[in-house]
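Asks: Each chain, letter by letter, is given below.
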Amino acid sequence: MTEQPAIRVKGLRKRFNRLEVLKGIDLEARPGDVVAVIGGSGSGKSTMLRCINLLEIPSAGTISIQGEAYAMRETRQGLQPADRRQVQRIRAQLGMVFQSFNLWPHRTVLGNVTEVPVHVLGVPRDEAEARAREVLDRVGLGAKLDAWPAQLSGGQQQRAAIARVLAVDPLAMLFDEPTSALDPELVGEVLSVIRDLAQEKRTMILVTHEMAFARDVATHVVFLREGRIEEQGPPDQIFGAPKSPHLQQFISSVA
Amino acid sequence: MPDIDIVTPLRPASLSRMGRSLTAFFLPHRIIMVLVALFALAMMIRTMDWSWLPAYMPRLWEGLGITMLMLVVSVVLGFILALPLAIAQVVGPLPLRWLALSFCTVIRGTPLLLQMWLFYFGLGSLLGQFPEIRETWAWPYLRQAWPYGLFSLTISFAAYQGEIMRGAFTGVPKGELEAARAFGMSRAKTFRRVWFPRAVHRALPTLGGEIILQLKATPLVATITVTDLYAVITKVRQDTFLTYEPLLFLVAVYLCLSGVLTVLLRWMESRVPDAR
Numbered sequence: 001m002t003e004q005p006a007i008r009v010k011g012l013r014k015r016f017n018r019l020e021v022l023k024g025i026d027l028e029a030r031p032g033d034v035v036a037v038i039g040g041s042g043s044g045k046s047t048m049l050r051c052i053n054l055l056e057i058p059s060a061g062t063i064s065i066q067g068e069a070y071a072m073r074e075t076r077q078g079l080q081p082a083d084r085r086q087v088q089r090i091r092a093q094l095g096m097v098f099q100s101f102n103l104w105p106h107r108t109v110l111g112n113v114t115e116v117p118v119h120v121l122g123v124p125r126d127e128a129e130a131r132a133r134e135v136l137d138r139v140g141l142g143a144k145l146d147a148w149p150a151q152l153s154g155g156q157q158q159r160a161a162i163a164r165v166l167a168v169d170p171l172a173m174l175f176d177e178p179t180s181a182l183d184p185e186l187v188g189e190v191l192s193v194i195r196d197l198a199q200e201k202r203t204m205i206l207v208t209h210e211m212a213f214a215r216d217v218a219t220h221v222v223f224l225r226e227g228r229i230e231e232q233g234p235p236d237q238i239f240g241a242p243k244s245p246h247l248q249q250f251i252s253s254v255a
Numbered sequence: 001m002p003d004i005d006i007v008t009p010l011r012p013a014s015l016s017r018m019g020r021s022l023t024a025f026f027l028p029h030r031i032i033m034v035l036v037a038l039f040a041l042a043m044m045i046r047t048m049d050w051s052w053l054p055a056y057m058p059r060l061w062e063g064l065g066i067t068m069l070m071l072v073v074s075v076v077l078g079f080i081l082a083l084p085l086a087i088a089q090v091v092g093p094l095p096l097r098w099l100a101l102s103f104c105t106v107i108r109g110t111p112l113l114l115q116m117w118l119f120y121f122g123l124g125s126l127l128g129q130f131p132e133i134r135e136t137w138a139w140p141y142l143r144q145a146w147p148y149g150l151f152s153l154t155i156s157f158a159a160y161q162g163e164i165m166r167g168a169f170t171g172v173p174k175g176e177l178e179a180a181r182a183f184g185m186s187r188a189k190t191f192r193r194v195w196f197p198r199a200v201h202r203a204l205p206t207l208g209g210e211i212i213l214q215l216k217a218t219p220l221v222a223t224i225t226v227t228d229l230y231a232v233i234t235k236v237r238q239d240t241f242l243t244y245e246p247l248l249f250l251v252a253v254y255l256c257l258s259g260v261l262t263v264l265l266r267w268m269e270s271r272v273p274d275a276r
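Those protein sequences? They're chains A and B, same order as listed. Residue numbers for the first sequence follow the numbering used here, so the first one is 1 and each next one is one higher. Residue numbers for the second sequence follow the numbering used here, so the first one is 1 and each next one is one higher.
Some hints could be false.
Dumping the calculated DSSO-like pairs for lysine-lysine here, alpha-carbon to alpha-carbon at most 30 angstroms [what the hints assert, rightly or not]:
{"hint": "1", "chain 1": "B", "residue 1": "Lys-216", "chain 2": "A", "residue 2": "Lys-10"}
{"hint": "2", "chain 1": "A", "residue 1": "Lys-10", "chain 2": "A", "residue 2": "Lys-23"}
{"hint": "3", "chain 1": "B", "residue 1": "Lys-174", "chain 2": "B", "residue 2": "Lys-189"}
{"hint": "4", "chain 1": "A", "residue 1": "Lys-243", "chain 2": "A", "residue 2": "Lys-201"}
{"hint": "5", "chain 1": "A", "residue 1": "Lys-23", "chain 2": "B", "residue 2": "Lys-189"}
{"hint": "6", "chain 1": "A", "residue 1": "Lys-10", "chain 2": "A", "residue 2": "Lys-243"}
Just so you know, the hints here were simulated from the structure itself, not pulled from any lab data.
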C-alpha cells in the first residue's frame with residue numbers, strides 16, 4: 001500500500017484583488033508529519049493554512065485531503081467550490097485551532113467540545129460527552145467542564161479549543177499561530193499540549209512564531225517569504241544550516 | 001495568573017453574608033429615602049379618595065389583561081418579524097436589503113400615534129367599503145379596533161427590534177462563525193447553532209429596554225377605542241371627577257410591570273456570562 005499524503009497542496013495561488021499573496025505553493029504532509037510553517041508577517045503563512053480548509057478560496061492550484069481534491073468550478077469571480085457538501089465533509093476531518101481561540105461563548109466548555117460531534121457528525125450525545133471528558137482531561141481541563149469560555153484564562157481557552165479539535169479525531173490538525181494571542185506566561189501550557197500531540201504522531205500543520213518549539217517538534221520546516229517557499233527541510237538543517245540569506249536573516253532576527 | 005474562581009458564586013450565600021449585604025444596602029441616606037416613600041404612601045392612602053377602587057376592580061383587571069395581551073403579543077410577533085428584517089439587511093440581496101431598510105426607517109421615523117390613526121381611521125374605513133371584504137370571515141375582526149392597535153404596535157416593535165438585531169448580527173465576532181464553518185457546519189446550522197443565539201444574547205440588554213418602551217406605548221391604543229388599562233382609568237376619571245387618584249394608581253401599576261420585566265430580563269441575561 002502506497003502511503004497517501006494526508007494533505008497535498010499543488011500550485012496554490014491566492015490573490016486579493018491586485019495583491020498576490022501566494023505565488024505557487026507546493027506542500028505535502030504525510031500521516032504523522034508535523035510541518036512547521038515559519039516566515040515574517042505578510043509572508044502568506046496564515047492564508048496558506050486557511051486555504052487548506054477553504055476558509056480562503058484559492059485563486060489557482062489544487063488541494064487534496066487524503067487523496068481527495070476539492071471540486072472547484074470557474075465562475076466570473078474566479079474559482080468557487082463546486083460541491084458545498086464535499087467541502088463540509090472534508091472540513092469536519094480537519095481540525096483548526098485559531099490564534100484567537102474562537103470558542104463559542106454561549107456554550108460551556110463541555111458544550112463547545114461536544115458541539116461538532118453531536119451536531120455535525122451525528123454522534124449520540126452520551127458517547128460524545130464521554131469522549132469530550134476524555135479529551136478535556138488530556139488537555140488538563142477535566143475540572144472545567146461546566147465553566148463558560150469567558151471564565152477561562154487565554155491558555156485554558158486555547159487548550160479547550162484544542163480539545164474541541166481532538167473530539168472530532170481529525171485526519172490532520174491545522175494550527176494558526178496558536179500562541180500568538182497569549183500572555184507570555186501562558187504560552188508554555190499550550191505548547192506542551194501540542195508537543196504531546198506531535199509525539200503521538202498526529203498529522204499537523206503548524207503556523208508559528210515559536211522558533212525553538214518548531215525546531216523541537218517539527219519533522220519538516222517550511223520557510224515562506226513573499227508568497228513562495230524560500231527554503232524547506234528537516235528542522236536541524238533549516239535552523240542549523242540555513243542556505244537562503246533571507247532565512248539566515250529571519251532566524252537571526254527572531255532568535 | 002490565578003484561575004478565576006467559578007465555584008463560589010454558585011453556592012447559596014450564607015446567612016451572615018446576606019446579613020452583611022443587608023447592612024451594606026441600608027445606608028443612612030437609603031433609610032431616609034425609604035421612610036419618605038413610606039410616609040408619602042401612607043399620606044396617599046389616608047388623605048386621598050380610594051372609595052372608587054372596589055367597584056372598578058373587575059374592569060381594571062380586564063384592562064390590565066388587554067394591556068398585557070397587547071404587550072406580549074406585539075412583542076412576540078414583532079420579534080419574529082424583526083428577524084427577517086435584520087437578516088435581509090445583513091446578508092440579503094440588494095433589493096431586499098433596501099426594502100427592509102426603508103421599512104425600518106419609515107416606521108421608526110414617524111410617530112406611532114400617527115401610524116395607529118392612519119391604520120384605524122384610514123385603512124379600517126377603507127376596508128369597510130369593499131363588500132368582498134365585509135363578507136369574509138375576517139370582517140368581524142377587522143371591524144373592531146384592537147386588530148389595528150395590535151398591528152401598529154407589532155410593526156413598530158418589529159422596526160425598532162429589526163434595527164437592533166441587525167446590529168447584533170453584525171456584532172457577533174467573525175471568528176466564532178469562522179470556527180463553525182471550519183468544523184464543517186452548513187450555513188443553516190451555523191446560523192441556528194451560533195449566529196442566531198449569539199446575536200440574541202448580545203441584543204438581550206437592549207431588548208429589555210425595548211419591551212419596557214413598548215409597555216409604555218400601549219396606552220396609545222386607548223385613542224382608537226381599545227379599552228386597555230389606561231382607557232379604564234380615563235373612564236374612572238370621567239365618572240368620579242377625580243384626577244390624581246386614578247393617575248397615581250396607573251403610575252403604580254406601570255411601575256410594577258416594568259420592575260417585573262426588568263428583573264426577568266436581568267435574570268435571562270445573567271444565565272450566560274458574556275465573552276470578554
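Asks: Against this structure, judge whether each hint is valid.
Replies: Results of checking the hints against the structure:
For the hint pairing B/Lys-216 with A/Lys-10, the CA-to-CA distance comes to about 64 angstroms; that exceeds 30 angstroms, so the pair is violated. Straight-line distance between C-alpha atoms of A/Lys-10 and A/Lys-23 comes to about 11 angstroms, which keeps the hinted pair within the 30 angstroms bound. Taking the CA atoms of B/Lys-174 and B/Lys-189, the gap is near 16 angstroms; set against the 30 angstroms cutoff, the hint holds. For the given pair, A/Lys-243 sits about 29 angstroms from A/Lys-201 by alpha-carbon distance, which is consistent with the 30 angstroms threshold.
A hinted pair counts as satisfied when its Cα atoms are at most 30 angstroms apart, and A/Lys-23 with B/Lys-189 does not qualify at roughly 34 angstroms. Between the alpha carbons of A/Lys-10 and A/Lys-243 the distance comes to roughly 24 angstroms, so the proposed pair stays at or under 30 angstroms and holds.
This entry does not satisfy hints 1 and 5, going by the numbered hints stated previously.
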